[in-house]
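K.L.:
Residues per chain are reported as follows:
Protein chains: 2
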Amino acid sequence: MKTTRREIIQMLGVAAGTVVITPLFSRGVSVAKEPIKPVDFPWPYSKLDPDVSADISYKGYEVGRCMYGTFLGIIGRLAEEKGAPYNTFPFLMMKYGKGGVADWATLCGALNGAAAAIYLVSNKPEPIVDELFGWFQQEKLPIYQPKDSKLEIVPSVARSTLCHVSVSRWCKVSKFKAFSKEREERCARLTADVTKKTAELLNQQLASTFKPVYPIPDHVKQCRACHDKGGTLENTRGKMDCSPCHFNLGTAHKKI
Amino acid sequence: MKTTRREIIQMLGVAAGTVVITPLFSRGVSVAKEPIKPVDFPWPYSKLDPDVSADISYKGYEVGRCMYGTFLGIIGRLAEEKGAPYNTFPFLMMKYGKGGVADWATLCGALNGAAAAIYLVSNKPEPIVDELFGWFQQEKLPIYQPKDSKLEIVPSVARSTLCHVSVSRWCKVSKFKAFSKEREERCARLTADVTKKTAELLNQQLASTFKPVYPIPDHVKQCRACHDKGGTLENTRGKMDCSPCHFNLGTAHKKI
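Protein chains in written order, with this note's numbering: chain A, 1 to 256; chain B, 1 to 256.
Hints are supplied without guarantee of correctness; some may be wrong.
[What the hints assert, rightly or not] The calculated DSSO-like cross-link candidates involving lysine-lysine, where the alpha carbons are at most 27 Å apart (straight line), are:
# : chain 1 : residue 1 : chain 2 : residue 2
1 : B       : Lys-177   : A       : Lys-255
2 : A       : Lys-140   : B       : Lys-229
3 : A       : Lys-177   : B       : Lys-221
For the record, the hints were derived by calculation from the structure and aren't laboratory data.
Given only the sequences and the hints, what does the whole structure look like? Please build it.
P.N.:
Right under this line is the structure:
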């Protein structure tokens, strides 16, 4: 029976962690130079010290900014402790998430890196991401205080997972500008916070003690009742807090 | 002279592509089990056939959705052609970007995967990401038509890099719901489109013929003049189109 490209992608996509393409469907254009060696996926997770990971992320921020920082604090720390396969990862790629991806201010890079790390080491990653993102939207950040600094950084509630909203809201609260060194320091500390929370959540999942406490807020559930899956409109998707953008519903929207 | 953790992170961060942590600063907690073998970074890029990559992404969408799809179309295709180091990547991790990261509808997963791939193989990645994201915001998508399907999918202009906005705008134009099979098909084709564009841009950069044609639009430059770097307010950052969210500036904003 001939195996199709799709079947192989599906098979490898489910079973293997590394490459998902074989010379079997290379269309004669090329031949893979090395045999494909599937490794177990996800990569195994071992309990991390959240404070050690936070320190690594804070310092990593200086090298590669937010996404690189959180990923380094989790996967880099596992590489330090365990070696392979963690140390085979091209960590510098993670610089791409800086400032909401190449400074576009879309998704917060700290969250982008943390989500990637969670999916790499958890076999039930989505509840962990949901909890992390929910926490990030609702808590006053940053909390992290570097040992060698007495500088106070005013915390703020982002109410959003987006870099743009998170930064602008902090600028409003702190009175500092978006390209100030204080904002850089705020984001470095926030990167450490996200890593610490991620390590705590992964540790809880490992110990089977994980219990989410940041569900989707009621005011977002109210929007989703009509606009999300199964609603009469069903014209959107997602779990973000709606209110930071949709604060003015206009006159055409029914009273809520 | 004692080398600090920070100096080593910086050194490795600049020079090496793989792991960035060594036992030198493991605080005695652990010892890496394998020597660290830095490889050149970025990984070398070779010209890809954009249509072949698009087909891989379209099919990859079925396995791991949008982010996995675009990353597979670029890095998976290089793995197929070249083997290592591309085939050492844990491709399944990229499932995390589905539906704007774990279905949060933040950054479009197709763009998230493409940006990661671009940073992995380009030594001047940011202009390529800028062009790709600019194109995505302004063009009618999807364009891709699978060979084995006559199904027509209505295209729409996302005007945003965010999954939520992109999907809702498509729902409005197409009249299909956000969780319909048509919307799934739309995102699978859009994943192929993003991969094709990414391969074209990387090919152009390789051939030194890359010339951006999707600069930041004038109406966004107008906002940035006051709100972004160097502006009188400087209370935000980013390159996203402002107008899909800030369509109502309220009475307190000066007339523009």
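K.L.:
Give a verdict on every hint.
P.N.:
Results of checking the hints against the structure:
Restraint check for B:Lys-177 and A:Lys-255: the C-alpha separation of about 23 Å stays at or below 27 Å, so the hint holds. As the CA atoms of A:Lys-140 and B:Lys-229 are separated by approximately 25 Å, the hinted pair is consistent with the 27 Å bound. For the given pair, A:Lys-177 sits about 18 Å from B:Lys-221 by alpha-carbon distance, which is consistent with the 27 Å threshold.
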